[in-house]
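Those protein sequences? They're chains H and W, same order as listed.
For the first sequence, our numbering begins at 28 and goes up steadily by one.
For the second sequence, our numbering begins at 680 and goes up steadily by one.
Don't read these hints as lab results, they were simulated from the structure.
Among these hints, one or two may not hold up.
[What the hints assert, rightly or not] DSBU-like, lysine-lysine: derived pairs with alpha carbons at most 35 angstroms apart: (1) 201/H with 812/W; (2) 812/W with 198/H; (3) 812/W with 207/H; (4) 789/W with 394/H; (5) 812/W with 298/H; (6) 207/H with 31/H; (7) 789/W with 207/H; (8) 201/H with 31/H; (9) 239/H with 207/H; (10) 239/H with 201/H.
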Amino acid sequence: MLQKGGARCLLLESGPHVNSADFPRTEAEWTSQLYWGGGVEFDRDAHIGFLRARCVGGTTVINQALPDRFDNVALDSWREETGIDFFTEEAMAPYYDEAESAIAIQTMPDEYFTRNANIFIAGMEANGYKWERLRRGQSDCAIEAGNDCMGCLGGCHRDSKQSTLVTVIPKAVKEGLEIKSDFHVDRIEPRPGEVTIYGRHHDTAEVLRAPKVIVACGALGTTHLMLRSGFASRLPALGTKFCSHPQWMSFGAFDEPVNAHQGAFQTVCSKDPAFRKAGFKLENVFAGPIAVAMVSPQTGAYLHEYMRNYRFFSCVEVAIRDEAVGRMTLGKKGRLVVHKNFTDQDLHRREMGLNIVKEVFISAGAKEVVQSPFAYSLHLMGGCSIGTDAISSVVNERFQVHGHDNLYISDSSVYPNAPGINPALTVMALTRRMCHELLN
Amino acid sequence: MSSRHFSSGALDALSRFGDIMLPSHEPFPSFSELGCLEHIDSIVDYAPADDIRQLNQLLGVLNWLPDGGLRRVFRWCETPEGWPEMIARNFRLLNFALRSILCTLYYSGKAGTGYEGPTPLDLIGFEICRIPKEVHTRETARP
Chain H
28 MLQKGGARCL LLESGPHVNS ADFPRTEAEW TSQLYWGGGV EFDRDAHIGF
78 LRARCVGGTT VINQALPDRF DNVALDSWRE ETGIDFFTEE AMAPYYDEAE
128 SAIAIQTMPD EYFTRNANIF IAGMEANGYK WERLRRGQSD CAIEAGNDCM
178 GCLGGCHRDS KQSTLVTVIP KAVKEGLEIK SDFHVDRIEP RPGEVTIYGR
228 HHDTAEVLRA PKVIVACGAL GTTHLMLRSG FASRLPALGT KFCSHPQWMS
278 FGAFDEPVNA HQGAFQTVCS KDPAFRKAGF KLENVFAGPI AVAMVSPQTG
328 AYLHEYMRNY RFFSCVEVAI RDEAVGRMTL GKKGRLVVHK NFTDQDLHRR
378 EMGLNIVKEV FISAGAKEVV QSPFAYSLHL MGGCSIGTDA ISSVVNERFQ
428 VHGHDNLYIS DSSVYPNAPG INPALTVMAL TRRMCHELLN
Chain W
680 MSSRHFSSGA LDALSRFGDI MLPSHEPFPS FSELGCLEHI DSIVDYAPAD
730 DIRQLNQLLG VLNWLPDGGL RRVFRWCETP EGWPEMIARN FRLLNFALRS
780 ILCTLYYSGK AGTGYEGPTP LDLIGFEICR IPKEVHTRET ARP
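In isolation and in its complexed conformation, chain H is listed as follows (with noise of 0.2 angstroms):
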């Protein structure tokens, strides 16, 4: 959009740049080379793991692709948060619709539901909960010709998942985008009138200049540069209302086999407003068996077992609306270390969504219930906020940092607090909404 409009724009990755041709084909190898920590990251105390993507393209690449528009809870929330008047969805409808017409959004029809979503559904029903069909970003997944989407996770190899890599990108290159991956911003300086970024690109350091420069890291990756380029003196919002929306795997074993991994991916979820005013949701997914090894409640004799059960597991993961008191800061070395405990609230809303989910499996026919002790997410939020004042945040209702015109911050840092619903989607439609205020 802005290289249409006339910006010559560049483009930095800290990541590869990977395509469909060259994606790992192994969850071992797509981990420990997509993935920043060469796996998962955790919080300082360890409560918690992190997921998101380190490549060209970011977190779109391997994540589910779920572009969920915000409903007036999450919205109204934000309003009365940060004082900004834009967050209805009549004032974002524009947005999204132009954020959705980019991407191809698709749902499964019932043919192409796996065991997995015929019992998520089956205990759904007789309990009275309602479900229903995720909206996916996806053009052709070619579920019919045997095709398991789980590939995926890894970037797909058909770029039927609508990640940047295959939308934006592919358009923004032929308008003239340059792009720099391998490419590690150390620090950016904003003076009037231009941005210095200090980097080092293949080890070797760079300075670059722009006359402005809109940072895009994502929560943690943003909120780490910002902290690294001296800002928190200023603004002592910065680090502040971190979220992730903390998810818990559950399996229910079944006497015969339920081939999670295969097929259709990830098709359905809870869509009760009752779960929704509790603050939380159910989420009908599952993972690799390395992801689901780890996850086990014990090890030993016991992993063995559990993970014999790997294809006769349901899965169904809590994920939960949590409250934005997360906190990161700079520690030893300049790395960056995440505080983040669970409030009552957020343990009290876990339980609610892990007895709905024993209920639901029991009622689909379990013959056992596992409840994983892991948290994870990929979910992350805030550091950034958006907000009407340097005290309480870190950019304006324009993107801009706070003192600083030439200096905006497009991502999901920017977020106030946990929506409860997938985030990408509205950082597609915010950042299309910077966009156009940048070339206004």
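Starting from the known structure of chain H, fit chain W onto it as the hints suggest.
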């Protein structure tokens, strides 16, 4: 066996921890019987160098413990609740590090040069099919 990232003592400790976490259990081979530790560098090449350096040092020290001591450390990693938080946090971190490395290697589909049996992925029946990009089918879903 050698590694670019781990000393021989650290590799020994990983192998011993591996056999505690993933012992021989019919039909599954133990971690050391599978020999997957040979592939350690291929998964830690991308991890933060500082983390690996610290883990290497810690494992090198822990390898001096007798089997009973190592088992006790492993148990504290899994259930650190009785320890003061400053210590418990480090046990939790070590638990995650061990689970990450050992589970990744064991379920990577790779085995050591001397191992001829089925891998754990074969034994649990894990297989995924990738239909090539060139194969287009009717629309897989309705809008």
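Now the hints, each set against the structure:
For the given pair, residue 201/H sits about 22 angstroms from residue 812/W by alpha-carbon distance, which is consistent with the 35 angstroms threshold. Distance restraint check for residue 812/W and residue 198/H: the Cα-Cα separation of roughly 20 angstroms lies within the 35 angstroms cut-off, and the hinted pair is therefore satisfied. Under the criterion of a C-alpha separation no larger than 35 angstroms, the hint pairing residue 812/W with residue 207/H is consistent with the structure, at around 26 angstroms. Distance check on the hinted pair: residue 789/W and residue 394/H sit about 32 angstroms apart at the alpha-carbon level, within 35 angstroms; holds.
Between residue 812/W and residue 298/H the CA atoms are separated by roughly 33 angstroms; this keeps the pair inside 35 angstroms, and the hint holds. Between residue 207/H and residue 31/H, the direct Cα distance comes to roughly 19 angstroms. Compliance with the 35 angstroms bound is thereby established for this hinted pair. Between residue 789/W and residue 207/H the CA atoms are separated by roughly 34 angstroms; this keeps the pair inside 35 angstroms, and the hint holds. Distance restraint check for residue 201/H and residue 31/H: the Cα-Cα separation of roughly 10 angstroms lies within the 35 angstroms cut-off, and the hinted pair is therefore satisfied.
Restraint check for residue 239/H and residue 207/H: the C-alpha separation of about 17 angstroms stays at or below 35 angstroms, so the hint holds. With a C-alpha separation of about 21 angstroms, the suggested pairing of residue 239/H with residue 201/H holds against the 35 angstroms cut-off.
Checked against the numbered hints above, the structure breaks none of them.
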